[in-house]
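Student: Chain by chain, the residues run as shown.
Protein chains: 6
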Amino acid sequence: MGLRVGHEIWGAKFDEMMRSSSEIDPDLERYTVEYVFGDVYNRPGLDLKTRSLCTVAALTVLGRRNQLRFHLEGAVKNGASKREILEVLIQMSVYGGFPAAWDGLSTAREVFTKLGMKD
Amino acid sequence: MGLRVGHEIWGAKFDEMMRSSSEIDPDLERYTVEYVFGDVYNRPGLDLKTRSLCTVAALTVLGRRNQLRFHLEGAVKNGASKREILEVLIQMSVYGGFPAAWDGLSTAREVFTKLGMKD
Amino acid sequence: MGLRVGHEIWGAKFDEMMRSSSEIDPDLERYTVEYVFGDVYNRPGLDLKTRSLCTVAALTVLGRRNQLRFHLEGAVKNGASKREILEVLIQMSVYGGFPAAWDGLSTAREVFTKLGMKD
Amino acid sequence: MGLRVGHEIWGAKFDEMMRSSSEIDPDLERYTVEYVFGDVYNRPGLDLKTRSLCTVAALTVLGRRNQLRFHLEGAVKNGASKREILEVLIQMSVYGGFPAAWDGLSTAREVFTKLGMKD
Amino acid sequence: MGLRVGHEIWGAKFDEMMRSSSEIDPDLERYTVEYVFGDVYNRPGLDLKTRSLCTVAALTVLGRRNQLRFHLEGAVKNGASKREILEVLIQMSVYGGFPAAWDGLSTAREVFTKLGMKD
Amino acid sequence: MGLRVGHEIWGAKFDEMMRSSSEIDPDLERYTVEYVFGDVYNRPGLDLKTRSLCTVAALTVLGRRNQLRFHLEGAVKNGASKREILEVLIQMSVYGGFPAAWDGLSTAREVFTKLGMKD
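Taken in sequence, the protein lines are chains A, B, C, D, E and F. Last residue of the first sequence? That's 119 in the working numbering, and every number before it is there in order. Last residue of the second sequence? That's 238 in the working numbering, and every number before it is there in order. Last residue of the third sequence? That's 357 in the working numbering, and every number before it is there in order. Last residue of the fourth sequence? That's 476 in the working numbering, and every number before it is there in order. Last residue of the fifth sequence? That's 595 in the working numbering, and every number before it is there in order. Last residue of the sixth sequence? That's 714 in the working numbering, and every number before it is there in order.
Keep in mind that the hints were calculated from the coordinates and are not lab data. Please read all numbers here as calculations on a predicted model, not as lab measurements. Hints are not guaranteed to be accurate.
What the hints assert, rightly or not - List time: in silico DSBU-like cross-link candidates among lysine-lysine, alpha-carbon distance up to 35 Å:
id: 1; chain 1: B; residue 1: LYS196; chain 2: B; residue 2: LYS132
id: 2; chain 1: F; residue 1: LYS672; chain 2: C; residue 2: LYS287
id: 3; chain 1: E; residue 1: LYS558; chain 2: D; residue 2: LYS439
id: 4; chain 1: D; residue 1: LYS434; chain 2: E; residue 2: LYS553
id: 5; chain 1: F; residue 1: LYS644; chain 2: C; residue 2: LYS287
id: 6; chain 1: E; residue 1: LYS525; chain 2: D; residue 2: LYS370
id: 7; chain 1: A; residue 1: LYS49; chain 2: B; residue 2: LYS233
id: 8; chain 1: C; residue 1: LYS251; chain 2: C; residue 2: LYS287
id: 9; chain 1: B; residue 1: LYS237; chain 2: B; residue 2: LYS132
Bound conformation, chain A alone (with noise of 0.2 Å):
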């Protein structure tokens, strides 16, 4: 189940990203695709966008640059504009500091042009 929503997210990208994550550890791997992806993400109550958002939120508070670099392209595919998480990175300023919106924004640019998404 979690594998489904895995690919829902990210698409192909998902089974190349798992099987990076799979020789880092199988263990860890299997319980974010049955707790965070089967579990979590799969419940009902709250679209993936929103989802996808407040993740965006978190890790930038927590300057968490590898896992922000990965949900911020889970973003867009859950169709979250570029101006939405434009918004939720200049809105962490207040709760994680500039330096959390700076580095966010940064983490952020990198990824809108390595996936095409001009200003």
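Using the hints, position chains B, C, D, E and F against chain A.
Tutor: Frame of chain A; chains B, C, D, E and F shown alone:
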């Protein structure tokens, strides 16, 4: 302008908050009204309900309970349902760890009870 | 399965905890039982006492006092001596700073007193 | 040597603090006296007032309220004015976010009131 | 007004920074100029050198290296000596832990080398 | 005394580390040898392997990768098996969130490869 946005989100409660904040420091209060509510929350491009849920996500992983309490009320006033708020908090177990989610849920229960929101 | 592990660590206290957690949110409680205790703590490869001490280390540097209180009791139930727990807390002054260690030690004293563990 | 520095900063209050700390753990107390006050605060190259303000900055963004309370008193004893302390706290809204600054200011008000420092 | 303060601290480097920031997001750049430099750093009541050292303290414990690099240069431009900066970083071992201090010192060495500040 | 403990944990690598640390700052190096290894790690009451695993737990949730790399090697030298280290990292998904665990596992893979520890 920030005052208008503050009223839109919290109603009369906003004045009371600002009065007590003002006793702490009138300058930080002014910056909050000007920068946080006048500049950031007033921006188009993201609806207030989504902004509120992203704030709830950030404050939960940061463990800032005083502000979380306050923004949980704001989320309700901005149209987030109890279900949607609980979904964000549960999702934060993935990004900030289970203790963050437990603390967030315990704060949310206090707020829901205070606002008379039954299960 | 997670229930069994939970009982192994906290005994009857586990049911009481889960009952009160359940009032907060039955789903997060279920995930805690399934993922945290059923999947993670149930894994072979590391004894429960060492798992508990690592959790105490993490919660101390994160400053999550509610959960720290709870896991300090768990560490005692898993066979950690008062001395071993104090050693972990003192060591955390190096990694999370002295304020983390002081807050952790103050929480530990409350727990030791409650459990009637004399010096 | 650390004892002398501690007395310089907090006066008689230092003994009282150390007595109550000692009940928590005599070893961490000893390390605090030796390493924190004997080694670090005792170093030439930076005056005690600036050291105190930097500590206030760090504890504010980390959200360590117990220690912040204590070091706010230390800052006052080291010659920082109420205005200078408030400036550091307001500035932390930029680096640790507004919730950090609000929590810091609320703690500072308690300390200023306790010390009888009128506006 | 914030532009003037920015120039006071970083000189010509400020324009270059703002140009590259502007490519990331012109709005966050504007808020940085207006709120951070126009409002906060422009306030009387605390000298720029002490403000810089407090910022260095906060960024060190938060582990925000990109911004730390930038503010270490600002601290030098604001008159902080290499010795004073090192003192703040060493002191942060107490509040944010030794890893925070090590990372901060390693960043500082890069900046001092770049600025041609010999030991 | 701290030097002896450092050698016990890291062997010849310890001298090399201290030499490069010493270039960053000889005083922080001295405090690390004296306080961290001389005082803390040298204490009886907890074996070095468990101390190492607790340090790995703390650095993982704090996201301090430079130091984590270093202490993962220390854990191996102190007798922790690859399996035990992976268990601690997986467990940290519960306390610091999944991104902390993923980053920790990715760092661990680098270290295991460098040390020639096959799966």
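Student: Indicate, hint by hint, whether the structure satisfies it.
Tutor: Now the hints, each set against the structure:
| no. | hint | in the structure |
| --- | --- | --- |
| 1 | B:LYS196 to B:LYS132 | holds, 11 Å |
| 2 | F:LYS672 to C:LYS287 | holds, 21 Å |
| 3 | E:LYS558 to D:LYS439 | holds, 28 Å |
| 4 | D:LYS434 to E:LYS553 | holds, 29 Å |
| 5 | F:LYS644 to C:LYS287 | holds, 13 Å |
| 6 | E:LYS525 to D:LYS370 | holds, 30 Å |
| 7 | A:LYS49 to B:LYS233 | holds, 30 Å |
| 8 | C:LYS251 to C:LYS287 | holds, 18 Å |
| 9 | B:LYS237 to B:LYS132 | holds, 21 Å |
Violated hints are absent here; each numbered hint is respected by the structure.
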